[in-house]
Structures are given as structure tokens and as C-alpha cells.
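> The chain contents come next:
There are 2 protein chains.
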Amino acid sequence: MVISAGPRPCVFRSWSRGDDRRQLCAEALALEQSTDSLTPINSLEDRIEAWHSVSGKTIEARVGCIEDGEFLDKAVAEVRPEVVIHYGEQPSAPYSMRSSQTAVETQQTNVIGTLNLLFSMQTHIPDAHLIKLGTMGEYGTPNIDIEEGFIEIEHNGRKDTLPFPKLPGSLYHCSKVHDSTNIHFATRIWGLRATDLNQGVVYGIDTDESVLDERLVTRFDYDETFGTVLNRFCVQAVVGHPLTVYGAGGQTRGYLNIKDTLRCVELAAMNPADRGEFRVFNQFTEQFSVSELAALVQKCASEVGFEVAIESYPNPRVELEQHYYNASNQKLLDLGLEPHPLGNELVQSMLGIIERHRDRVIGRAITPKTKWNPGELEGGALSTAQHT
Amino acid sequence: MVISAGPRPCVFRSWSRGDDRRQLCAEALALEQSTDSLTPINSLEDRIEAWHSVSGKTIEARVGCIEDGEFLDKAVAEVRPEVVIHYGEQPSAPYSMRSSQTAVETQQTNVIGTLNLLFSMQTHIPDAHLIKLGTMGEYGTPNIDIEEGFIEIEHNGRKDTLPFPKLPGSLYHCSKVHDSTNIHFATRIWGLRATDLNQGVVYGIDTDESVLDERLVTRFDYDETFGTVLNRFCVQAVVGHPLTVYGAGGQTRGYLNIKDTLRCVELAAMNPADRGEFRVFNQFTEQFSVSELAALVQKCASEVGFEVAIESYPNPRVELEQHYYNASNQKLLDLGLEPHPLGNELVQSMLGIIERHRDRVIGRAITPKTKWNPGELEGGALSTAQHT
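Chains A and B supply the protein sequences, listed in that same order.
Under the working numbering, think of the first position of the first sequence as -12, with each following residue one higher.
Under the working numbering, think of the first position of the second sequence as -12, with each following residue one higher.
If you're looking for bench data, these hints aren't it; they were derived computationally from the structure.
Quick caveat: nothing in here was measured; it's all calculated off a predicted structure.
Check before you lean on any hint, since a few could be wrong.
For chains that are exact copies, the list does not tell them apart, and a pair is met inside one copy or across any two.
As the list claims (entries may be wrong) - List of simulated lysine-lysine pairs, BS3-like, C-alpha gap at most 30 Å:
#1 K318 x K246
#2 K61 x K318
#3 K61 x K356
#4 K146 x K286
With the hints as extra help, turn the sequences into a complete structure.
Okay, structure coming up:
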């Protein structure tokens, strides 16, 4: 069973629910902001048909809101899956920082939806395995090495292995920390099995499945709200917009190819957590700073005829622009992940696909508008004493 | 400005809001379960009048739900307080564990209500000081000393001071961890001032104010949902019910007299946090195991003519019954807190007050019914490997 907020083939789709009870999914949120996926996305039913025609496999879909505990509970009770892959959350940090309404919507969709799912699993399928999409952004940028979910702490002569402390950088990232706390609780107290995939920043367009039929193409967002940095830079290069580096560009994060994200989910599903185990995998393959990515895109773009400048923009986020960053990602490698490293070929293939869809690019979606701290003139409140 | 879910004199009162939009407050929740405060509680307006008659001071009340962001925002904008003391949460761990509905209600009331408050403070009163009631239960029972909110971690040759890792023991305690994460975020990113009072288990009845007029008496809950352990044991001793020790009774926690809780809030208000500071005080004065409290109550009760047995009941919670526990509580002492230690005199005074109200005791409220893990026959899922 896959619970999805996005357009992937799935059994469930979830929507966030505003106070006005509008039903919104990822596409609708983009529409609301007058942006859209660069790649044209077919309807859920079309995509399920396409998958059937290329694979012979049938996906059953149920459409509803996971905040609606009754809907979710009925679906879980009837389907009785062995594995639940939970993609059903509001996934954008900038969206969560737009207003109090979008922040509340984000935390309500993510926290209450996941809490409903935990109760349904406890009631109907306590032996099933929950695979949940977390984010590397839960950790923030601490001044120590980032471990995978837990850290052994020695303190005043005693030792314990405890949840790794979190410094989430947006109210979306906070919601993911809340989820981690609730899921860890459900494994400790109810004995559920769970794997939290703390995913880095995803880039790329094609997957092994999406290339089989053009109706299976994945979303490709390039706007400030849903687009990730490398995808954004590639679109900017094609349309001739200076690459939007925020501030000094020293922000370093973990990244991975979209093909590797799917392989990681597959590896987690094939190797389930034990009963009572809350397993955290850091799901990225390489670390880059924003400046390094901008330089890579500029160079690759130039080689295929797109000359583009790199410009520093006032950072709309409150974050350190120079910091220590070293995160562990060993556990998925141990399970057999073979990473696709980022190289010129991948970037140039993306530039080619983007050029094919160039007429769909909406220019106003490119520059950032959502400020983390609207009250501050510049740079926000984060000082060197950020952690306390 | 005091935001309250309980019956204390306050400017605001908040209610949790179920899907059916019933408006419930702490009293209504107790009513729903056919329990009530041992002490008879007057209406909010009666209590405000009583306070005016003994102190000459006027308290302005606004009644609404803090999940209703519009209501809260209007009140904050109009009152523009220098300090906000936030008591407006669903405060019961057993209540949060009764069903998926009560769990969702707890996390929604607490997380979304507090998030609304943070946005209103950022918008209208960014220089004001938030004093938030947290709980020692956020930490759980780690195998290392518990510090006040943050811990310096040395790891692979590098150091950082990071949020103390949390192991909350119920979905209510999880909601308080979520609050801590959101409030810390608001201090780091928006520069708000906040003090989180991680309170231990409160006991006692009288405060310096409540003894001035009987209409000002505080709630005294003794049921499994809202009653705390020492209060429950004292009621059990008076009505001749065996003291309900859960399991082996080795559960050790921090405790404090209700008079000290009020003094701690006052000390925090008089010594505000800095801009951008998230300050955590562990608010308890002594540590006891459940067995120690049962023995104390049995002895004190016997001296005033109540003979009562101590009985071990199957533990409805999933928790360790023997564990290391050593928590720091230095910061409030440094600000001038002079603790009222627990002694025979206090217990016997409580027994006397309880005897006066003995005819109000509802017998069925005494034994525990809410199980943390309804699926398990005994003891739940928590093993020695509880932390991971």
C-alpha cells in the first residue's frame, strides 16, 4: 500500500484539508500559486492504466484524505497491506512558511494524518511494516557528525543510545520531527515496525519506470515552493535566468538521484524493520554546497550552449550560510544501494528534457518570495548561538 | 495574559475541539467520564469576582478556543501582553491514550493551539515573553542524567550543545515534545523569547491565594485520567481503597508542591528569557518512586486513623518499573525558588481536606481502565531495548 500526496501510482492519495474543507493535493497547491510541473502529468487513472499496459500489473486506488481517520481506517482494514509506504504529506518547506494558515495546514496534515495511520496499523495490521518519508532537514546543521536517527551519548560517566537531537529549519521540517517522535512512540509502546527514510534533496526526472511510457513521467517542479535546488538551477539555465544562489551559497546538504530514492524504498521494503524497531536510514548519496551545484550547472549548461550567470540573492530562509556538515549514510549502502553519482551526463540530460518542455516554464515562479522571517530586514534571527 | 485550559483565574480560557465541534474544557472532559474535582469549583466569573474582592484586582476574561487562530489573534492584538503564560492544553496522558479520537484531539489542541499562539506573538508582540507549561515526561527515563532542555554532546572529536533527546511516554507527552520543537524554532528563526517549564508531578491543594476565599479553591482531581499519584493515594487512603501502585512501583519521577509551581511561573515572568532564547527549566523540587509515596501516605494516614493497604495493580502504562533517574533542577533554584519539601504535615493536611469533601468522592473513578497497549496481555512492548 502506498499513501501518496503526489502523482505517483498509488493505492491511496491523500489531500491536505484547509478549514474551508477544500481538497487540495500537490498539483492543486501548485495551481493555487499559478505554477505547475514542467512535465505534463496525466490523471491518476490514466497513469494506472499506463502502468498496467507496460507491466501487466493492476494498482487499486482509493482517493481520500488521511486526516479523515474513518476513511483511512476502513481502507487499512480492507486492504490489510504487509507494507505501507507513506508519501501522504505536505512536502514543501517554503509552503509551510508562507502564512499561519499554511503552517497550520502543514502540521495538521502531516502530524494528524500520520497519527491516524499509526492507530489503524496498531488496530488492524500490527505486524505490517511502515516506511515513512522523513527528511535530512530534521537534523539541521549541528556542529557534530549526523548519525542515522540515534546517537550514543556518554554523559557524567553513564551511557545511552538516544534519538539524535533535531534542529529543523522550517515548520514543515518541524512537522517531520513531530512524525518521528510519534512513530518512535508507536514502535516502543505498541511494538509496530517502522523505517524512517530521512531523505536528502532529490534531483533528476527519469526513473526506470517513467521512461517506459510517457504517461508515467514524474512531476518536475522548479518553482520556489516545490522545486528543489538542482532542478531549479537547470530550468534557470535553460531559460537564461541567473542561477538563484541564496546568500553566500555555502549551505551544504545531502543529495540523491530520483532513481536512488526509489531503490532505497524498495530496499527498505525488502528488508523490514523488526517488531518494536524504529529504524532510521539517512537517504542520500552525496553532499554538495549550493555554490558547488551552481558551478556544476553553469559549466554543463555552457557545454551545450546555454550561457548563464550565477547571482547571489538575499537569502529568504533563516539558515547558516557557512557551517560544518558531515552526515552518515551507511545503512542503505549496507543493504545494497548502488548510488548514481551526480555528473555532467545527468545534468545535460536534464537540460535536454527541460528544453523540450521550455514553453511550459512559468517565469514568475522562479524568484523566491516566501520569507522565513517577514519581520526582519535581512538575515533573520539565526546567530552563531543558533542552537540554544 | 494567562491562557488556560483549567479553572484558574485567567484572561483566556481555551477549549479543545473535537470533530463534532463540541466545546470541551477540563471540567467537561471530567464530566464526560463521570468524574469531577473533589473540591467544588465555582464558575469563572464567580472566581474572578472572588479574586477582585480579596485583592482589589480585576481580571479580564475572554473565552474561546486557541485552535481558532482568528479568535486568538484578535485577543493577542488587542491585549498586547508583555508575558503570555500558556496553560491552554489538554493535560492528561491517560486521556490521550484512550482512543485514536482522544489522541488526535490532544495533539491537535496542543500543537495547533500553540502554533497559532506563536504566529500571533510574532505578528503583534515579538518582544513579549512566552511562558509555556512543558513536562518532565518529555524526557522519559534515559540511562543518563537529565539536563535542563539542552545537553553538550562530544562526538567524534567535535562538540555542540543541542536539544536534550526526548523519550515521551504517552501521546500527550509526545504533543509536548512537538510544542518544544515548534517553540524552539520560533525563538531561533523569529527571535521570540520563550521559557518552557518542564514540570514534574504536582501535588497539594492549597495555594497562598486559594486560602483567601473558598471560592478560589483549586481543582483536585483523583481519577485515573486527571489525578496525579500523590493526590490519588491520599483520596484512596481516606475512602479505604488499597493504594493503587502500578506494577513494581519503582517508577521514579520529579515532584513539586502546587505552591512551588506558582512560584516558578512567577520567577520565570520576573526574569524573562532574552530575544531569541529558548530557555528550559526543569520544574520539580524532589524525586520519589511510586513505592516511596505509597509508603509515606500509608504511614501518615495511619497516624490520623486511616488504615490502608498497598496493592500492586497490573500496570496499564508501558513504562520501565525499575530504571535510573537523575534530573537537574538547578535553574529555578538559582532564580530564588525556596522549595516546600514533601512531609507528614502536608500529607496530613491533604487528608483532612479530603475528609471534609469525602461525600463527593466517586468510587468508580479510582481504578485504572485506560491501557497504553490494548493489544498486549501484560506489560506492553517496552523491553530493555526501549530506546531504539
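> None of the hints should be skipped; say for each whether it holds.
Going through the hints against the structure:
Taking the shortest Cα distances, K318 and K246 sit within 30 Å of each other inside one copy (18 Å), while across copies they are farther apart (51 Å). Taking CA atoms no more than 30 Å apart as the test, K61 paired with K318 passes in neither setting, with 34 Å inside one copy and 50 Å between copies. When the C-alpha separation of K61 and K356 is checked against a cutoff of 30 Å, the pair qualifies only between copies, where the shortest distance is 26 Å, while the shortest distance within a copy is 41 Å. Taking CA atoms no more than 30 Å apart as the test, K146 paired with K286 passes in neither setting, with 49 Å inside one copy and 37 Å between copies.
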